[in-house]
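Number of protein chains: 2
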Amino acid sequence: MRSALNNRLVLHILSFLLIIEAVALFLSAALAAIYDFDQIDHFSLFKSNGGFWPLIMGASIAFFIGILGWHFTKSVNKSVSKKEGYLIVAFSWVVISFFGSLPFYFSGYFPSFTDAFFETISGFTTTGASILTDIESLPKGLLFWRSFTQWIGGMGIIVLSLAILPLLGIGGMQLFAAESPGPTFDKIHPKVKEIAKRLWGIYVLFTLLEVGLLMAGKMPFFDAICHSFATMATGGFSTQNDSIANYSSYIQYVVIFFMILAGTNFSLHFYLLNGKVKQVWKNEEFRFYLGIIFVATLIISLGLIYNLELNSEKAVRDSLFQVVSIATTTGFVTTDYLVWPSVFWLILFLLFFIGGSAGSTGGGVKVTRILLLIKNSLLELKRLVHPNAIIPVRLNAKPVPQNIVIVVISFFLIYISIFALGVVILAAMGLDFISAIGVSASSLGNIGPAFGSVGPIENYAHLPHIAKWFSSFLMLLGRLELFTILIIFSPTFWRK
Amino acid sequence: MRSALNNRLVLHILSFLLIIEAVALFLSAALAAIYDFDQIDHFSLFKSNGGFWPLIMGASIAFFIGILGWHFTKSVNKSVSKKEGYLIVAFSWVVISFFGSLPFYFSGYFPSFTDAFFETISGFTTTGASILTDIESLPKGLLFWRSFTQWIGGMGIIVLSLAILPLLGIGGMQLFAAESPGPTFDKIHPKVKEIAKRLWGIYVLFTLLEVGLLMAGKMPFFDAICHSFATMATGGFSTQNDSIANYSSYIQYVVIFFMILAGTNFSLHFYLLNGKVKQVWKNEEFRFYLGIIFVATLIISLGLIYNLELNSEKAVRDSLFQVVSIATTTGFVTTDYLVWPSVFWLILFLLFFIGGSAGSTGGGVKVTRILLLIKNSLLELKRLVHPNAIIPVRLNAKPVPQNIVIVVISFFLIYISIFALGVVILAAMGLDFISAIGVSASSLGNIGPAFGSVGPIENYAHLPHIAKWFSSFLMLLGRLELFTILIIFSPTFWRK
Chain E
812 MRSALNNRLV
822 LHILSFLLII
832 EAVALFLSAA
842 LAAIYDFDQI
852 DHFSLFKSNG
862 GFWPLIMGAS
872 IAFFIGILGW
882 HFTKSVNKSV
892 SKKEGYLIVA
902 FSWVVISFFG
912 SLPFYFSGYF
922 PSFTDAFFET
932 ISGFTTTGAS
942 ILTDIESLPK
952 GLLFWRSFTQ
962 WIGGMGIIVL
972 SLAILPLLGI
982 GGMQLFAAES
992 PGPTFDKIHP
1002 KVKEIAKRLW
1012 GIYVLFTLLE
1022 VGLLMAGKMP
1032 FFDAICHSFA
1042 TMATGGFSTQ
1052 NDSIANYSSY
1062 IQYVVIFFMI
1072 LAGTNFSLHF
1082 YLLNGKVKQV
1092 WKNEEFRFYL
1102 GIIFVATLII
1112 SLGLIYNLEL
1122 NSEKAVRDSL
1132 FQVVSIATTT
1142 GFVTTDYLVW
1152 PSVFWLILFL
1162 LFFIGGSAGS
1172 TGGGVKVTRI
1182 LLLIKNSLLE
1192 LKRLVHPNAI
1202 IPVRLNAKPV
1212 PQNIVIVVIS
1222 FFLIYISIFA
1232 LGVVILAAMG
1242 LDFISAIGVS
1252 ASSLGNIGPA
1262 FGSVGPIENY
1272 AHLPHIAKWF
1282 SSFLMLLGRL
1292 ELFTILIIFS
1302 PTFWRK
Chain Z
812 MRSALNNRLV
822 LHILSFLLII
832 EAVALFLSAA
842 LAAIYDFDQI
852 DHFSLFKSNG
862 GFWPLIMGAS
872 IAFFIGILGW
882 HFTKSVNKSV
892 SKKEGYLIVA
902 FSWVVISFFG
912 SLPFYFSGYF
922 PSFTDAFFET
932 ISGFTTTGAS
942 ILTDIESLPK
952 GLLFWRSFTQ
962 WIGGMGIIVL
972 SLAILPLLGI
982 GGMQLFAAES
992 PGPTFDKIHP
1002 KVKEIAKRLW
1012 GIYVLFTLLE
1022 VGLLMAGKMP
1032 FFDAICHSFA
1042 TMATGGFSTQ
1052 NDSIANYSSY
1062 IQYVVIFFMI
1072 LAGTNFSLHF
1082 YLLNGKVKQV
1092 WKNEEFRFYL
1102 GIIFVATLII
1112 SLGLIYNLEL
1122 NSEKAVRDSL
1132 FQVVSIATTT
1142 GFVTTDYLVW
1152 PSVFWLILFL
1162 LFFIGGSAGS
1172 TGGGVKVTRI
1182 LLLIKNSLLE
1192 LKRLVHPNAI
1202 IPVRLNAKPV
1212 PQNIVIVVIS
1222 FFLIYISIFA
1232 LGVVILAAMG
1242 LDFISAIGVS
1252 ASSLGNIGPA
1262 FGSVGPIENY
1272 AHLPHIAKWF
1282 SSFLMLLGRL
1292 ELFTILIIFS
1302 PTFWRK
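Going line by line, the protein sequences match chains E and Z.
If you use the numbering used here, the first sequence corresponds to residues 812 to 1307, in order.
If you use the numbering used here, the second sequence corresponds to residues 812 to 1307, in order.
It cannot be assumed that every hint is accurate.
Which copy? The list can't say, so a pair holds if one copy fits it or any two copies do.
Within a straight-line C-alpha distance of at most 25 Å, the following computed SDA-like cross-link-like pairs (lysine to any residue) qualify [what the hints assert, rightly or not]:
#1 Lys1002 / Leu816
#2 Lys1002 / Asn1199
#3 Lys951 / Leu1019
#4 Lys1186 / His1197
#5 Lys893 / Arg1194
#6 Lys1186 / Leu1232
#7 Lys1186 / Val1211
#8 Lys1209 / Ser1301
Read the hints as simulated data drawn from the structure, not as lab findings.
Bound conformation, chain E alone (with noise of 0.2 Å):
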């Protein structure tokens, strides 16, 4: 490892970036131009009700600001070492949040920039909790980028899972590696790409497929468009006040089953696509992934049909859609489930620790790293009977190296403490209790609707300011897993 940061090649990456955002951003303001048209007052910027202009402007100043950082770091130094990986990866999630929420502030619609930003990086990392309190009275071109900012998060973190982090080795994230991690960091670049073209494509295809499927149920294209974005990358944000609930069972269904392909790790889905359906069942993450929904979906929707006494067919699909949503990490909602006997929103909760599996865009803990836990756990009794025999855990029938094991251990306690101190830190801002563990945990695990007063059908709008920022810096560490922000407050990662 050499010893000098290379500070001008993170500038130039984050640079590079903030050019591509620069894009997306003047793509939905040409939307906003054909949606949006007869609200644009063509003569004054600020005054306009429209997306058009803020769209404009926020796309103008990343393009600049990204054109002038790309010029002024042109001639750099190309070889990039783990700990420049570190500054990307945190930074570049930052940096396009800040300019990803300029449209949001400069039109208006947000009371404060405090607001557009966290519902910016809300979008980014894919949680989907929102700070709006009337969605349907935002002009098109907002709502498309909104949504968008969640495919395009959502995009990140299939490249960051399964190739950036596995060869960073963050929280045992080699073990899901779509290719096994090459020699040395430095050969990141061609194999990043590859890996890239070859998820994003089917991201890109799953999203059309829904698109298809949704206007197929008399969706308009517009809100199968952004919904179709927030069902794949896991995100949760909705065209409608309402979320999902309004619309018929056959959408509902349609949503659930791309909730579930998203929450699927993205190497499975090329492997079925090549005809290895057999690797595909045989992945106990897999397994384990459909086990839980199963089960939770059957213990929810038993009970519900008992005590709610809804009729069946309503009590599955709405345990079944709330189960997949929050299991996933995703966060529409189709029924307040607030109002179900504790027992069953207490079961979500612990849903809320399980997250999508890795290699998805679903956040939280990952359901690989509970697999491993589990496993391990019930291993400790096995090691206890037999204390002399060396016993280790198996993943896919291959033993899982005791470092690797400390390390996924690690992560999970880490993400538990960080959990629970969150809560304190939110009920000091004066938060409930019930709130404040809602929020800490539906932020860290990039969900969306929590408990208390930001249960499914309320949102963000009412936390105090400083509430909102602690959520952003919450969401922002479960979505890189921790460590990548972590290790930058540690004294070593800048020692030498």
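Using the hints provided, position chain Z relative to the given structure of chain E.
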């Protein structure tokens, strides 16, 4: 390991413990005869208001069955393997609690057998959760037995955690052994006897000291001895309806001091009494334990002065008392902490998951384990920066082997998982969310007071019967370091 379980030996030892319990019950009856003399109805066993006859009956039954069991298993093969060790540990607390609850049941002061059993196992596990709504109405004999169960439980725990569990290799307890474990489990008998003699001496000494100091503060002899029993066992049963709240601040400080002693590793007391002050002060667990108490007290007392405008001596005393009471898992109460702003009782709630030091009478996860977890988590960041270096966790300057790190982290994980499942199960039994959280954490951590409807000035009387049984099970699990109980439910344990 031999193939057949030596059931006779298990029964032999349980019978022996039963005889000891009978002696303790006769002692309580003698005390009842002195204190409750005028309440004893000499002609009716069942209509008496005193505790004498119920205690005599309970003692006789325990004695009779103990002697019978002892006699019929006399010709026992004395060689003991780990499996018998587990069974003896797991069943002794259950058997002793069952027979110990008979006097309560016979007395008529307890509404049902469930309640009598709950109170007794809460005593023997040194939890201190009570179903009594008017403690002061109980005859002195029964109150004495109630406190006595805690003191006996504490005696059992000291030997269990410093001599037996390390030999069984439970939850990383090897690390905290009073002696390095011998080569085989067969040699356990003389070693346990020697450690017990040494540590029980200290336990008795501290108890007598506290009795003296409490009486110096004008507490009557009977209450002084009951409170000292409950303090040294980190139990928390009081003879007063208001726990320690109505006593003088001198008495409260005395109780604080002895709670701190009771929550400290008893090996350290042994070192201290032998003049090895340096060894005590250098002990990392001890420093961390005091550090936690100091920091939590500082935050809460400043918060109380600022928020509730208490005078500073009262604020410091109240917060120190509650912090120490929870941190050591005693559960005495001087103030209703639920009226504090939620962030302050949330800090107390974090302490629910730390517990006393290893080798103390305190329950919970144990300070050393938490210390090891924190150290390992911080090292994970260092390991990411230096991926090729081998960086072991060090405790008291000694590197901790990887497999022990895994055991300790797994212990915490299983602890947290049982807590979370416990919340869901208690909610399914009809408890509200906050009470379910409280009962689960408090039972598992052997603390006593909790939150919601089982807050510090409430009691467990109103819980449904099934929740009382479940809470009893959690107390047992937590007290016996999880694995001792869980292993009995594992199929590998019974195989072959």
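Inset, instruction - Tell me, please, which holds for Lys1209 and Ser1301 at an alpha-carbon limit of 25 Å: within, between, both or neither? - result: between (33 Å within a copy, 24 Å between copies)
Inset, instruction - Classify it for me, Lys1002 with Asn1199: is the Cα-Cα distance of at most 25 Å met within a copy, between copies, both or neither? - result: between (43 Å within a copy, 23 Å between copies)
Inset, instruction - First find the shortest C-alpha distance between Lys1186 and His1197 inside one copy, then the shortest across copies, and answer within, between, both or neither for a cut-off of 25 Å. - result: within (16 Å within a copy, 28 Å between copies)
Legend entry - Alpha-carbon proximity between Lys1186 and Val1211, which holds within one copy, between copies, both or neither at 25 Å: Answer is both: 11 Å inside a copy and 23 Å across each meet the 25 Å cutoff.
Inset, instruction - Classify it for me, Lys893 with Arg1194: is the Cα-Cα distance of at most 25 Å met within a copy, between copies, both or neither? - result: between (37 Å within a copy, 13 Å between copies)
Inset, instruction - Check Lys1186 against Leu1232 for me: Cα-Cα at most 25 Å, and say if that holds within a copy, between copies, both or neither. - result: between (27 Å within a copy, 17 Å between copies)
Inset, instruction - Could you figure out if Lys1002 and Leu816 sit no more than 25 Å apart (CA to CA) within one copy, between two copies, both or neither? - result: The answer is within: 23 Å in one copy meets 25 Å, while 58 Å across copies does not.
Inset, instruction - If the cutoff is 25 Å on CA atoms, where do Lys951 and Leu1019 land: within, between, both or neither? Let me know, please. - result: Cα proximity of Lys951 and Leu1019: one copy only (20 Å, versus 78 Å across).
Hint compliance for this structure: every hint is met.
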